[in-house]
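In UniProt numbering, the protein residues as written are 1 to 532.
Worth flagging that the hints you see were computed from the coordinates, not collected in a lab. Heads up, a few of these hints could be off.
Unchecked claim - Straight line, CA to CA, 35 Å or less: simulated DSBU-like cross-link-like pairs of lysine-lysine:
#, residue 1, residue 2
1, LYS117, LYS102
2, LYS138, LYS227
3, LYS126, LYS102
4, LYS227, LYS251
5, LYS126, LYS157
6, LYS342, LYS270
7, LYS425, LYS197
8, LYS157, LYS251
9, LYS203, LYS102
10, LYS144, LYS116
11, LYS227, LYS425
12, LYS153, LYS99
13, LYS385, LYS350
14, LYS157, LYS226
Unchecked claim - What follows is a list of derived Cβ distance ranges for each label pair:
#, residue 1, residue 2, range
15, PRO509, PHE441, 21 to 27 Å
16, LYS352, PHE441, 34 to 40 Å
17, ARG401, PHE114, 27 to 33 Å
18, ASN119, ASP321, 56 to 62 Å
19, THR139, PRO509, 51 to 57 Å
20, THR139, ILE484, 54 to 60 Å
21, GLN411, LEU374, 25 to 31 Å
22, SER152, LYS512, 34 to 40 Å
23, PRO247, PHE441, 54 to 60 Å
24, ASN119, LYS227, 46 to 52 Å
25, SER250, ARG401, 16 to 22 Å
26, LYS296, ASP321, 49 to 55 Å
Ideal placement from N, C-alpha and C gives every residue a C-beta, glycine not left out.
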Amino acid sequence: MAKDPSFLFAGVHFNKKKFPDDFAKFEEKRLTDYSVSNSSLFGMAVAVQEKVTALPVKKRKRSGATSDQVEGFNVFKSSELESDLPKEQAEKDEDSPSKEKKELFRQMEHDAVFRKKLNIHVSGAKIPSPLQDFAELKTRYGCKSYLLRNISKLGYKEPTPIQRQAIPVLLSGRECFACAPTGSGKTMAFVCPILMKLKDATKDGIHAVIICPTKELATQTTRECKKLARGNKFCIKLMTKALVRTPDLSKLHCDILISTPLRLRLAIKKRKMDLSRVEYLVLDESDKLFELGLVKQIDFIVKACSNPAIVRSLFSATLPDFVEDLARTIMHDAVRVIVGRKNTASELVKQKLVFAGSEEGKILALRQSFAERLNPPVLIFVQNKGRAKELYEELVFTNIRAGVIHSDLSQTQRENAVDDFRAGKTWVLIATDVIARGMDFKGVNCVINFDFPDSAAAYIHRIGRSGRAGRSGEAVTFYTEEDIPYLRNIANVMTASGCEVPPWILSLPKKKWRKHRPKRVSISTKPEDHEE
DNA sequence: AAAAAAG
């Protein structure tokens, strides 16, 4: 296993030198904002705090120190700063400081054991205890009954590790990096604290913003928010074309606004949308949002959210080091929550590699596998839009009910493709990476990587459409001669999540991700090609 | 290097 997890993103071309500048500028502004709106002392405390909290992270990177050592650092730090104790602990035994200290220490030991049991790794100062159960939301944080009712009605039995830790962190007003496997309930983990913190009396401005990399994901997240908020009069809005055209967008009231980056940036720029009162900003699939081409828009949005008391959080199943480094320059006293190991695939997915020989071999292998056993719903990922269209043409004339989705389709066509697949009208959905991230389809039994993925991160997200919410799943990845140099990168992910890989693949030379994707010959077994 | 993110 490679020591450096950044191998995962070796193929991502990212100008590390360039963007820290943008963020440095932002940071400058942020610090001055602090000194204007708050006391300058507070601004200084921020800088000092960041210096201190950066230490354990660096230590971890260099020496591969375990999270326990990192937590040990926090134990030390917290016991020094008892004036800032969480309320519930500070209230106890006010008359006897040594007893108070002991009780706190006992609690922290207990938390450390509990986190270890659940494979939760944390770093940062004064991290709140993980939740024992959802009921604790009421006892510890005064959560309203409607939300607990919705949580139970929606079938959440007990919190997943990311929910156990990220919810208390966000509720305590701390910024947060969160990395947890695909399908482990990250969306609920950031929506729930927002709903709890919103004051239903306020009727002005935008209070929380969630950014998603695709329209499909934004739509899904909006629906999820509305389900959790049911029975309450919160205003939850998806940033649609129609909404952008609303007259007087600058006076829009909305409790939670969900948007894709470009559309929101345009609304701020052209329609004077006002984000200065935003209290919560969530960057979902944050590593995707920090990719070249999107990061500038994210930067613009982050700057537009000028409320100095804002709580920002980053969520993803893959969190490369460069994203953390970049984000750390803008985050303030952030807590880092990692469930399991960073950048690993869901262990619920049984992964397989299949040598398909050539491009023609792939379509044959697909046809044969469908003839033997078609266990819908099945998702098929291809390299680009053109190939999605081609493969769809291949399957549309068979008795297999197939759908297709990619960004060349109209908004309605895209929506229909998702809806039909969800409703079971189509058994097989052919897709580009547009739906590789975050999309939650009920019980996808099998993900087929018809074309080899672009990166280990893409692989992890693609196969993560299956094996969600505790269900098992299957993933098959086709490869050809051209893909062999990159096979080992995927094989490493497979072994890390407990799947068997032929030994010869693991002994292949290490290779960084390609700069040029293979030009794949067209998928060409159309009947007319053969008959004429 | 493609895909996605506007209109």
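Broken hints, numbered, in rising order?
Failing hints, ascending: 6, 7, 8, 9, 12, 15, 16, 17, 18, 22, 23, 24, 25, 26.
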